[in-house]
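Trainee: Given next are the chains, with one letter for each unit.
Protein chains: 2
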Amino acid sequence: MSQRQLHLNAFLLTSGHHVAAWRHPDAQADAGLNFAHFKRLAQTAERGKFDGVFFADGVAVWDYPAEVIGRSGQIGQFEPLTLLSALSTVTEHIGLIATASTTYNEPYHLARKFASIDHLSGGRAGWNLVTSATDAEARNFNREAHLDHAVRYERAREFYNVVTALWDSWDDDAFIRDKQSGQFFDATRLHPTHHKGEHFSVRGPLNIPRPVQGHPVVVQAGSSEAGRELAAQTAEVIFTAQQTLEDAQAFYADVKSRLARYGRTRDALKILPGISPIIGRTEAEAQDKYAGLQALIDPHIGVALLSGQLGFDLSAYPLDGPLPEVPETNGHKSRRALVIDLARRDGLTIRQLALRVASARGHWTVVGTPTAIADQLELWFREGGADGFNVMPPVLPTGLDDFVDLVVPELQRRGLFRTEYQGTTLREHLGLPRPASRHARPQAIAA
Amino acid sequence: MSQRQLHLNAFLLTSGHHVAAWRHPDAQADAGLNFAHFKRLAQTAERGKFDGVFFADGVAVWDYPAEVIGRSGQIGQFEPLTLLSALSTVTEHIGLIATASTTYNEPYHLARKFASIDHLSGGRAGWNLVTSATDAEARNFNREAHLDHAVRYERAREFYNVVTALWDSWDDDAFIRDKQSGQFFDATRLHPTHHKGEHFSVRGPLNIPRPVQGHPVVVQAGSSEAGRELAAQTAEVIFTAQQTLEDAQAFYADVKSRLARYGRTRDALKILPGISPIIGRTEAEAQDKYAGLQALIDPHIGVALLSGQLGFDLSAYPLDGPLPEVPETNGHKSRRALVIDLARRDGLTIRQLALRVASARGHWTVVGTPTAIADQLELWFREGGADGFNVMPPVLPTGLDDFVDLVVPELQRRGLFRTEYQGTTLREHLGLPRPASRHARPQAIAA
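Residue numbers (the numbering used here), protein chains in the order written: chain G, 18 to 464; chain C, 18 to 464.
None of these hints come from the bench; they were simulated from the model.
As the structure is a computational prediction, the values presented were derived from the model and not from experiment.
The reader is advised that the hints may include incorrect statements.
Any copy, or any two copies together, can satisfy a pair, since identical chains are not distinguished.
[To be verified] Mimicking DSS-like on lysine-lysine, the simulated pairs with C-alpha atoms at most 30 Å apart in a straight line are:
{"no.": "1", "residue 1": "66", "residue 2": "350"}
{"no.": "2", "residue 1": "56", "residue 2": "213"}
{"no.": "3", "residue 1": "56", "residue 2": "196"}
{"no.": "4", "residue 1": "213", "residue 2": "306"}
{"no.": "5", "residue 1": "306", "residue 2": "196"}
{"no.": "6", "residue 1": "66", "residue 2": "273"}
{"no.": "7", "residue 1": "306", "residue 2": "66"}
{"no.": "8", "residue 1": "56", "residue 2": "306"}
{"no.": "9", "residue 1": "350", "residue 2": "273"}
{"no.": "10", "residue 1": "66", "residue 2": "56"}
{"no.": "11", "residue 1": "213", "residue 2": "196"}
{"no.": "12", "residue 1": "66", "residue 2": "196"}
Build the full structure now, drawing on both the sequences and the hints.
Mentor: This is the structure in structure tokens:
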């Protein structure tokens, strides 16, 4: 396979990404706490030779209005690091990526947990590094309001520095374990971190050997100016929400152009836009599926979700009127801009925008046959919009089954996607090099 | 089985509790990162009908002297909550208990992770609540020195209050998940925590439904005055180190007598002393095993370990001289007192004390045949010294195999221990009631 290959990631969200997914006849309404469900999904994605599975996260119950909150099916689910650890035992090849915030965690705990999952899984862990931008989360961690955007990103950068330094605490060959001599490890190959910075003081070393992958794969999803710059410096995969090829190309070109200033090649960072595929064996079947799903949306839920994305309460505005001017907030800037652009571009009412956003939270939704969907993926991939995709099935498990059974074979026929795993680690699936330790001796660097 | 039953817990520590375990021919030297090893141990303990398996924890590499540290085989292992999550998928009945510190964690994260493990395992999670008492740990979490004993315990008590309140965020019947009506949960059965205290402000609610057990089982191991009082108020299981039946009886009577002042019955808290059994089919075989293990100890390691337990560096004192006066420290008080008492009582030199402590870190070590060991366990159990035992095999996996194959059947023959699991949760194995939510409505309390 000399042809450039695309990368596929399965973003698994309870009963699916569509806001009303849990009400669909195919859905497991109790998906959030159903381990058999997630086991099946991870095994299906592995059968489809996906690079990884991915779990989002937040550390609060969102502040939706009282009449709306009880109708949201995406509340109350497994904590992602415990779920990832459990999935490591029922899968063999697929990467295991989870979100964890730099805002309300300590770097020692996170470095250690991801290292542990990397060891449990034989080198399949990935960390989606995010900042937390809601007051609901702040209030669970001794604050009244969340941190300013700039401070969150400063903290995130320092957090990243500490975590990667902790992962390098031990040289790869530090552990000798020679029963005869009694030498368990070589203490000269152990490196305390001695970090003292603005946000953290962490002496180290980490109390777990260097991860199988050197460093678990670092994923990011921020698209603001600060988010792009942090990603260009530190991320190896970006998940991004892009609605059109043109926007995707602009984002792709911008982020890739930033890599050189950090001494990184264009290949060192893979850009994976989200896609929510609604798949039918015929175009009509696909459109029917989509219509059936949209019909399940309660408009109150849709508007509440939209308000959450904008950081601005729309419940007092007429449902069938235009989107009003939305003031700047201190929340997630990039998601907000995406949604506003979508409304302006397509001239949508609040109701129409709410329905569009509800189907995959502002991500690219493609309704069509397997061939039509593969055409779109190939186009974005070949035309500088993507290195691969973060697949967000509207309903689980059937949406993932459809993608694996119908779209993956089409991509494979076109020579765009692997038919077998070539490596054993997530890093190898993604074509990313294993990072040398910052303490590596000259011969280790040369090796 | 109308007879009172004892409880058994398997304390799993890398290649075993003996400090030189990893050098033993039976040991897995790489045990700390060997999931197959832990899977086998958990399944063996489950075959032996143990109540639970247990993992200790600390959040640092200990500050041993440079010439000693590389010879310690208990450094560099899986993080316990990730390991517990993985083990939940390869076991069906046995309880899964891990240690997590109240000193350097946030209650929201811990409440959530233990709730998640409780859901993953169908109600088998237990939390060993500890305080962190080393400067090595403090330095990984933005401090130069660890917190004072009194402050640690104040923080621990508040931490417990917040965690248990978070576990009660959702009523047991809050999630309706009615696809037809679109009602996912009943928002009137959701209770924010609104905690504002000395150490934490946590609004809640927790973003995961109430645990299967109501609350995961709360375990503690502190034996100081503050530790006993906190346990009497909050713990459901105590692990304790006791060297003699007399000491065990005194501890047992003292802790049980404290329960009434918190409105708790004597049965609400199970006391499990640690025992490190060295099992031979004959007395001579057992003694040979013990001698063989002790011969593997490097005296430098032994003295370093002893120094760590005492919080006082003994390396400058003559190996074959007496234990000097050891000054008070701000560390773990109870473990220190146990070791000093042992030296004074038996008139041990530093070398002798180091060897004794090295075999099971100051825990009760019993060398003998299965019958002799069962006799000891029965004696402590019947004579008011224990409700059961925390079994600490000197070498793993063989030490656990021996206990399950040789000692458990003897206890079963005497009618002291279950031959099959009767319940499905750790709480049921331990004979502990499922706690009602603090928000339970009258009819729920009566049920």
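Trainee: State for each hint whether it applies.
Mentor: Status of the hints after comparison with the structure:
1. 66 x 350: Result: close neither inside a copy nor across copies, 34 Å intra and 54 Å inter.
2. 56 x 213: Cα proximity of residue 56 and residue 213: none, with 41 Å in one copy and 39 Å across.
3. 56 x 196: between (39 Å within a copy, 23 Å between copies)
4. 213 x 306: neither (55 Å within a copy, 48 Å between copies)
5. 306 x 196: For residue 306 and residue 196, only the inter-copy Cα distance (17 Å) is at most 30 Å; the intra-copy one is 63 Å.
6. 66 x 273: within (26 Å within a copy, 57 Å between copies)
7. 306 x 66: within (26 Å within a copy, 50 Å between copies)
8. 56 x 306: within (25 Å within a copy, 44 Å between copies)
9. 350 x 273: Only inside one copy: residue 350 and residue 273 sit 20 Å apart there, 57 Å across copies, limit 30 Å.
10. 66 x 56: both (15 Å within a copy, 27 Å between copies)
11. 213 x 196: neither (37 Å within a copy, 52 Å between copies)
12. 66 x 196: Classified as neither: same-chain Cα gap 40 Å, cross-chain 33 Å, threshold 30 Å.
In the structure shown, a violation is registered for the earlier hints numbered 1, 2, 4, 11 and 12, in ascending order.
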